[in-house]
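Line by line, the protein sequences are chains A and B. Residue numbers for the first sequence follow full-length UniProt numbering, beginning at 1 and rising by one. Residue numbers for the second sequence follow full-length UniProt numbering, beginning at 1 and rising by one.
The reader is advised that the hints may include incorrect statements.
A short, non-exhaustive set of chain B residues, derived as facing chain A with CB atoms under 10 Å [stated by the list, open to error]:
hint : residue
1    : Leu15
2    : Ala43
3    : Phe62
4    : Asp64
5    : Gln87
6    : Val89
7    : Glu90
8    : Tyr93
9    : Lys111
10   : Ser144
The set of hints was computed from the structure by calculation and includes no laboratory data. Glycine is no exception: its CB is placed at the ideal position from the N, C-alpha and C atoms.
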Amino acid sequence: MLARTALAAITRRPAAFLRSSWPWRSLAYLLCSAVHAVAACVTIYAAYAYGVGLATAGAVLAVAVLTLPAAAFERWRLRLVDRAPAGDPHVKPPRPGVRAWLATRLREQATWRELGFTVVAVSVLWLMDLGMVSSALWLPLLLMSGPFQPSMTPVDGLPLFAAGLLLIPLFAYLVAAWAGCRALITRAVLAPGDAEIIRSRARLVDAFEAERRRIERDLHDGAQQRLVSLSMKLGLARLDLPPGSPAEAQLAEAHEEAKRALAELRELIRGVHPQVLTDRGLGAAVHDVAGRSPVPVDVDVSLPGRLPAPIEVTAYYVVSEAMANIAKHSRARRGFVYGRLHDGALVLEVGDDGVGGADPAAGSGLSGLADRVAVTDGVLTLSSPPGGPTSLRVEIPCPRSE
Amino acid sequence: MPPLRIALAEDGVLLREGLAGLLDRFGHEVVASVGDGESLVAAVAEHTPDIVVADVRMPPAFTDEGLRAALTLRAAHPGLAVLVLSQYVEQTYAAELLDSDGGAGIGYLLKDRIGDVREFVDAVERVAEGHTVVDPEVVRQLLSRRRGPLSRLTPREREVLGLVAEGRSNAAIARLLVVTEAAVAKHIASILTKLDLPPAGDDHRRVLAVLTFLRG
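Excised from the complex, chain A in its bound form:
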């Protein structure tokens, strides 16, 4: 399989890595920083020739004008060490024309990130790039120059030449490693594509949630109303029949059946989307889940007002899943739920005094929960040593909202 990046290539077999184009690509990638070096040198020269003030003004102007092309150049050279395309993070201006273009660019976070990166690249990064190349090469090249030194006979110089030659592959690793790291930084700042993937996953989760609400509403308005109606009609019909008659017994059976169906449907609907969560928020919903748990659960959830809906829903699923696990696997005598808004994050902890040993890898709902939490930029941690106790902790960044 082809390596995707220079960093990944390093981990291949040495022979494969050294024969591949990756060392050369990495070298070329770093040498591209010569452009920045020239820019920096021109600025320093200008400071000497025309004074610091004028040179600074020129440099600021140049950075402002060249930020976008410089960032495009960085994304282009990224292709040398990273096969995945680096997408342009800029949006298209809504209208044609210079004004609209400028307004869009100035409002974009991407533009300001690029400005910052360009400043760092021109002032510092090129030094590190070229410095890394030269420090990787100076020793091998010095050794290899042995036979050509006037003070040395070719016979004395040859072993030095050989040693230098042998060192080159070693330093190829250094060059590729730094090139790979620099590419990672560049991608993170100039082409943050991963963020887009997370956002699209969040959209998907939101869409699922909207769909669940629709299904809940349909069941509530449709099947549930009809079943209540049916049960009522059966109840009324029973009044008209002599108690104990065969017909009444049949009807009573049908009536019980209808009531059971209604109870089952109610549980089903609650699983699809809990109404109390929409109406009264996370605190109330957690109390209601805890109230239904066969294991007694202490609830200590205190939240100021309502949280954004996606966070409430995610937190709710975490609590219900954790409760279900406590009831099913923990053999606990007691559980607890703790919830607070702390430093701009929702902190939820669900635990029990059971047997522990919960394993997220064992295909439980836990890994699914972790995925859901990740979509909200949250973190889920589980502590469940064999013998217990088990504690599940979730932190979700949470802007306050009413």
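Here the structure of chain A is known, so what remains is to put chain B in place on it, guided by the hints.
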């Protein structure tokens, strides 16, 4: 009992008509039959019914308009009996209702209970008389949550406590458990002692004391 004048709020037409027919059959008069919270508030002002029977969830937002309308009505008309029906029991809703005006003349039942027509009409009548009626499901949840003194009760006493919390009279409990009323009274005295609750003369105050204890 004299016929009750009832205001009915339920957005499902099928169920609303059914309920009206049911109450009519037991000799009560449905003076207003509406499909949303706002019309309910208007209808109560116009007809001054004895009791309001309302669904929790109604248009326009289909969240808890019925409950909010009920709370508004309780605040505007102290003593107005309100029976709220819900597809699900949520302790939060029950608590909000019980906290309104001391919980007298309050009922909170699952919609499923409509199917047991006699018991349902009985609940409507008891709420109209100023009693408190709470769905067995809510009581079950409350019982499972509270610990401490409850562990001192015998299984039979827990059963009786549950029925008391639902708002049943001694006679009704005796009938349901197939025991004598004297036996029920003895159980209740024992429960109140074990839970450190004062002996209460009338059924109604007893229910509220027990519910307050369970929610505490």
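Comparing the hints with the structure gives:
Because the beta carbon of leucine 15 (chain B) sits about 5 Å from the nearest beta carbon in chain A, less than 10 Å, this interface hint is met. Below 10 Å, beta-carbon pairs count as interface contacts, and alanine 43 (chain B) has none with chain A, the closest being about 21 Å; its hint is therefore violated. For phenylalanine 62 (chain B), the suggested interface contact is upheld, since its CB lies about 7 Å from the closest CB of chain A, less than 10 Å. The beta carbon of aspartate 64 (chain B) comes within 5 Å of a beta carbon in chain A, closer than 10 Å, and the hint placing it at the interface holds.
About 6 Å separates the beta-carbon of glutamine 87 (chain B) from the nearest beta-carbon of chain A, less than 10 Å, and the hint is met. Annotation: valine 89 (chain B) was flagged as interfacial toward chain A, and the flag holds, the nearest CB pair being 9 Å apart, inside 10 Å. A least Cβ separation of about 4 Å between glutamate 90 (chain B) and chain A falls short of the 10 Å threshold, and the interface hint therefore holds. For the restraint placing tyrosine 93 (chain B) at the interface with chain A, the shortest Cβ-Cβ distance is roughly 8 Å, inside the 10 Å limit, so the hint holds.
For lysine 111 (chain B), the interface hint holds, since its Cβ comes within 10 Å of a Cβ in chain A; the closest pair sits about 5 Å apart. The restraint placing serine 144 (chain B) at the interface with chain A holds, with a minimum CB-CB distance near 7 Å, inside the 10 Å limit.
The structure does not agree with numbered hint 2 stated previously, though it agrees with all others.
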